[in-house]
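There are 2 protein chains.
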Amino acid sequence: MSEYQGYAGESLQWLKKNNVKVGNSIKITADGLTNSGIIMPRQESGDDKHLVLKLGSGYNVPIKINEIQDHQLISSPEIKPKQDQERKEDPELPKILLLGTGGTIASKVDYRTGAVTPALTASDLYETVPELRDIANFDTEVLFSEYSENLQPDHWTKIAEKLHSLADSDYKGILIAHGTDTMHYTSAFLSFALAGFPIPVALVGSQRSSDRASSDAAINLTAASNFLVKSNTNGVFLVMHHDEKQTVACHLGTKVRKNHTSKREAFETMGGDPAFIIVEGEIKKNMQGDFFEDENYNPRMKIDTKVSLVKYHPGYDPQLIENLIQTGCKAIIFEGTGLGHVGRTMYDMIKKAKENDLFLGMTSQCGDGRINMNVYESGRDLLELGITPLKNMTPETSLVKAMWALGNSKNVVEMKDLMEEEIASEF
Amino acid sequence: MSEYQGYAGESLQWLKKNNVKVGNSIKITADGLTNSGIIMPRQESGDDKHLVLKLGSGYNVPIKINEIQDHQLISSPEIKPKQDQERKEDPELPKILLLGTGGTIASKVDYRTGAVTPALTASDLYETVPELRDIANFDTEVLFSEYSENLQPDHWTKIAEKLHSLADSDYKGILIAHGTDTMHYTSAFLSFALAGFPIPVALVGSQRSSDRASSDAAINLTAASNFLVKSNTNGVFLVMHHDEKQTVACHLGTKVRKNHTSKREAFETMGGDPAFIIVEGEIKKNMQGDFFEDENYNPRMKIDTKVSLVKYHPGYDPQLIENLIQTGCKAIIFEGTGLGHVGRTMYDMIKKAKENDLFLGMTSQCGDGRINMNVYESGRDLLELGITPLKNMTPETSLVKAMWALGNSKNVVEMKDLMEEEIASEF
Chain B
0 MSEYQGYAGE SLQWLKKNNV KVGNSIKITA DGLTNSGIIM PRQESGDDKH
50 LVLKLGSGYN VPIKINEIQD HQLISSPEIK PKQDQERKED PELPKILLLG
100 TGGTIASKVD YRTGAVTPAL TASDLYETVP ELRDIANFDT EVLFSEYSEN
150 LQPDHWTKIA EKLHSLADSD YKGILIAHGT DTMHYTSAFL SFALAGFPIP
200 VALVGSQRSS DRASSDAAIN LTAASNFLVK SNTNGVFLVM HHDEKQTVAC
250 HLGTKVRKNH TSKREAFETM GGDPAFIIVE GEIKKNMQGD FFEDENYNPR
300 MKIDTKVSLV KYHPGYDPQL IENLIQTGCK AIIFEGTGLG HVGRTMYDMI
350 KKAKENDLFL GMTSQCGDGR INMNVYESGR DLLELGITPL KNMTPETSLV
400 KAMWALGNSK NVVEMKDLME EEIASEF
Chain W
0 MSEYQGYAGE SLQWLKKNNV KVGNSIKITA DGLTNSGIIM PRQESGDDKH
50 LVLKLGSGYN VPIKINEIQD HQLISSPEIK PKQDQERKED PELPKILLLG
100 TGGTIASKVD YRTGAVTPAL TASDLYETVP ELRDIANFDT EVLFSEYSEN
150 LQPDHWTKIA EKLHSLADSD YKGILIAHGT DTMHYTSAFL SFALAGFPIP
200 VALVGSQRSS DRASSDAAIN LTAASNFLVK SNTNGVFLVM HHDEKQTVAC
250 HLGTKVRKNH TSKREAFETM GGDPAFIIVE GEIKKNMQGD FFEDENYNPR
300 MKIDTKVSLV KYHPGYDPQL IENLIQTGCK AIIFEGTGLG HVGRTMYDMI
350 KKAKENDLFL GMTSQCGDGR INMNVYESGR DLLELGITPL KNMTPETSLV
400 KAMWALGNSK NVVEMKDLME EEIASEF
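Chains as they are written, first to last, in numbering that gives the first Met the number 0: chain B, 0 to 426; chain W, 0 to 426.
Some clues are possibly wrong.
As the list claims (entries may be wrong) - Straight line, CA to CA, 25 Å or less: simulated BS3-like cross-link-like pairs of lysine-lysine:
id : chain 1 : residue 1 : chain 2 : residue 2
1  : W       : K350      : B       : K305
2  : W       : K244      : W       : K229
3  : B       : K305      : W       : K351
4  : W       : K305      : B       : K350
5  : W       : K353      : W       : K171
6  : W       : K244      : B       : K262
7  : B       : K283      : B       : K262
8  : B       : K157      : B       : K94
9  : W       : K229      : W       : K284
10 : W       : K390      : W       : K409
11 : B       : K390      : W       : K262
12 : B       : K48       : B       : K63
13 : B       : K350      : B       : K305
14 : W       : K262      : W       : K157
15 : B       : K262      : B       : K244
16 : W       : K284      : W       : K301
17 : B       : K351      : W       : K305
18 : W       : K350      : W       : K301
Claimed, not checked - Chain W is nowhere near these chain B residues, computed Cβ spacing over 10 Å in every case:
id : residue
19 : D367
20 : D416
21 : E421
Treat the hints as calculated values from the structure; they're not laboratory data.
Glycine is no exception: its CB is placed at the ideal position from the N, C-alpha and C atoms.
Generate the whole structure from the sequences, applying the supplied hints.
Take a look at the structure:
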């Protein structure tokens, strides 16, 4: 069955009748349009009315079976010419390093078996997204291969140490292929840990796997590579599909959230515009003002995860704060309501946490907008109890910054100073 | 100083020079435009370049001091005619009950002293927002007076019991004045507890207090009253400012979130459009499809708050789940990553929670989009461990529904059934 991986019903019938298999190179005319490409495997959950064709541009298109007028088989995988992989690098082009951490983006689907495997040799990469070859010469390295829901702060540290070892290298930029679930947590950590890193870093993922017609893998990889080569900035960015016009957004690593479970344009810069927009390979600066105040490279890569995120809600049991204190928690980031509030049922436990020398920071569960704890009585009460307002930082960035600040300070006073100091354009 | 409450600098100087005081009725021509209204007190944090004038429409406008060309004092508060409050009710109009729970919306600023006090007698209400008089005859009752960050599930139950007692009344609709911080939690509870309630209920708040020129109190109250009188629907809605064209949105009580800390259009229907849009008093149905499947009134008002919301993140300490079990928690709503995932470091504790007969539900921290636990290995693992996917419910609505379902079921099997059954258009 692997020759027809994922196909069923009408589309399977068409493939069998015409002796066309997954992985075949084919020219197809349908509904008046002629396309050349490779027949892609499909997910079992797909419909049975379409073939999926991967074009030379790396973009996938669906072809309606009942609109096919003509087709011509060009090659089968066995006889596919391999000249692409043997082509020499162009010494005039800059160098990019691609680090693989896992996720859909760092995989390719084997056209014959349908198995998802890491696609991370340079030649595999060129084969998957041929236009990359015109942008840069790529080196690739697999750091690990995990869906990002399984990444932990230890993984962040490994990525940071790898990047740190490359601070003096001749790479024009570094791409990190990453699962999308927790990509914004990783980008926040790298932003703080490697503040002022001299080479631009772009985390890139894809929301739709490459065997789906709507995959954003190729467009995101291409745009991120163009960004690294052309932008002449430094800092840590997250580069993902932006809108239906096939533009790609480049978000500051500390200001971005995943705001949709499934759509390609899932990531948004909170409280502002993306730093850059990439339109057909051109980089447009989009954000007002400058990005990073401190130009000096200041690596501080330690981390201490004894930080809890507490989302307040009516009915929140204050006893849970006491449990956190007893578990050895050293800092709490509150996701408060509105402008930065929690109910007064929490006040006694907040006092107790302060007596135990915990750092207490306030963010808002509203997602967007700035904390202001001076407007209402509740906010002023909480300031008096010693809670630090974290301005317009997202709860996720605040949590990651707190783990980083706790790891890189000697006591709660130093930690508070770090939390209030702008490190990587997080405010 | 209370005669000039909140005014300073240039604006204070102008008031003193012209013997105009807060609360005075005045006609002012500035920059070619003439407005009549009442001088409002201001917040201390306001600038000193403007007066704020409350117009007859209930809307506040700022007047630039250096653009004032002419003014004419009409009355001071002492001699202000009181005929408004003595005017008889119009027996042709429908009846609306306004229940006060607190928050900015349910307050008026005393024009002479600047003190914020509950404005909840019918006559106070008509004085604050005169156009309400043309929509309905209002009865008013103060249930409590709390900013909504201090509201707890006990308060929800009190509101539900009050509404339940009115199921057979001749009110055309019921307005609940409510603080905005947790208004969407309250609307979710009332939606579940009073499914099929025969009279429409509108929770209404304001993001900006009525002494600010940009206050949305009057427009929200007016729109919500029009909605109750004209819409001919039932169910629980949340009615708030929608966009800069002064439209107001009417959101289903189970599908709405506060997504901005401070702007007036802070509330959004997640994953769809608001149910109705109110434009200059006209009610436009905006949502496709019907609202509530079950037309029979089915009050189930119990609640059990032994439910925890767990937002997963890299570095989450699984030990905290064990603490929840030991604290007597009976249900956990996970705010997972992406399509509904948590890291595999959590699996052992999830097993333990299942062995202890907890209900475990999955939502997404992405805010928007639907859970799908069939796409990736992590999701399938979690389904196998017994986690219930909660489709496209927000984490907040899921939490409230879990408290409600736990209170109104005998065991975890019954609770799971209730969680998966559509009660109030929550999916």
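Tested hints:
In summary, the hint linking W/K350 to B/K305 is supported, as the alpha carbons are separated by about 24 Å, within the 25 Å threshold. A hinted pair counts as satisfied when its Cα atoms are at most 25 Å apart, and W/K244 with W/K229 qualifies at roughly 21 Å. With a C-alpha separation of about 23 Å, the suggested pairing of B/K305 with W/K351 holds against the 25 Å cut-off. With a CA separation close to 24 Å, the supplied pair W/K305 and B/K350 stays within the 25 Å bound.
A threshold of 25 Å between alpha carbons decides the hint, and for W/K353 with W/K171 the separation of about 46 Å lies outside it, so the pair is violated. Between W/K244 and B/K262 the CA atoms are separated by roughly 29 Å; this puts the pair beyond 25 Å, and the hint is violated. For the proposed pair B/K283 and B/K262, the alpha carbon gap of about 23 Å is at most 25 Å, so the pair holds. As the CA atoms of B/K157 and B/K94 are separated by approximately 22 Å, the hinted pair is consistent with the 25 Å bound.
The hinted pair formed by W/K229 and W/K284 meets the criterion: a straight-line CA distance of about 11 Å does not exceed 25 Å. Between the alpha carbons of W/K390 and W/K409 the distance comes to roughly 24 Å, so the proposed pair stays at or under 25 Å and holds. Proposed proximity of B/K390 and W/K262 is supported: the alpha carbons are some 16 Å apart, at most 25 Å. Between B/K48 and B/K63, the direct Cα distance comes to roughly 6 Å. Compliance with the 25 Å bound is thereby established for this hinted pair.
As the CA atoms of B/K350 and B/K305 are separated by approximately 19 Å, the hinted pair is consistent with the 25 Å bound. For the suggested pair W/K262 and W/K157, the alpha carbons sit about 30 Å apart, so the restraint of at most 25 Å is broken. With a CA separation close to 14 Å, the supplied pair B/K262 and B/K244 stays within the 25 Å bound. A hinted pair counts as satisfied when its Cα atoms are at most 25 Å apart, and W/K284 with W/K301 does not qualify at roughly 32 Å.
Restraint check: the Cα-Cα separation between B/K351 and W/K305 comes to about 23 Å, which is no more than 25 Å; the hinted pair holds. Using a Cα cut-off of 25 Å, the hinted pair W/K350 and W/K301 is violated, with the two alpha carbons roughly 29 Å apart. Against chain W, the non-interface label of B/D367 is violated: not every CB pair exceeds 10 Å, the least being about 5 Å. Its beta-carbon lying about 22 Å from the closest one in chain W, B/D416 satisfies the requirement of being farther than 10 Å from that chain.
Distance to chain W confirms B/E421 as a non-interface residue, since its nearest Cβ pair spans about 20 Å, more than 10 Å.
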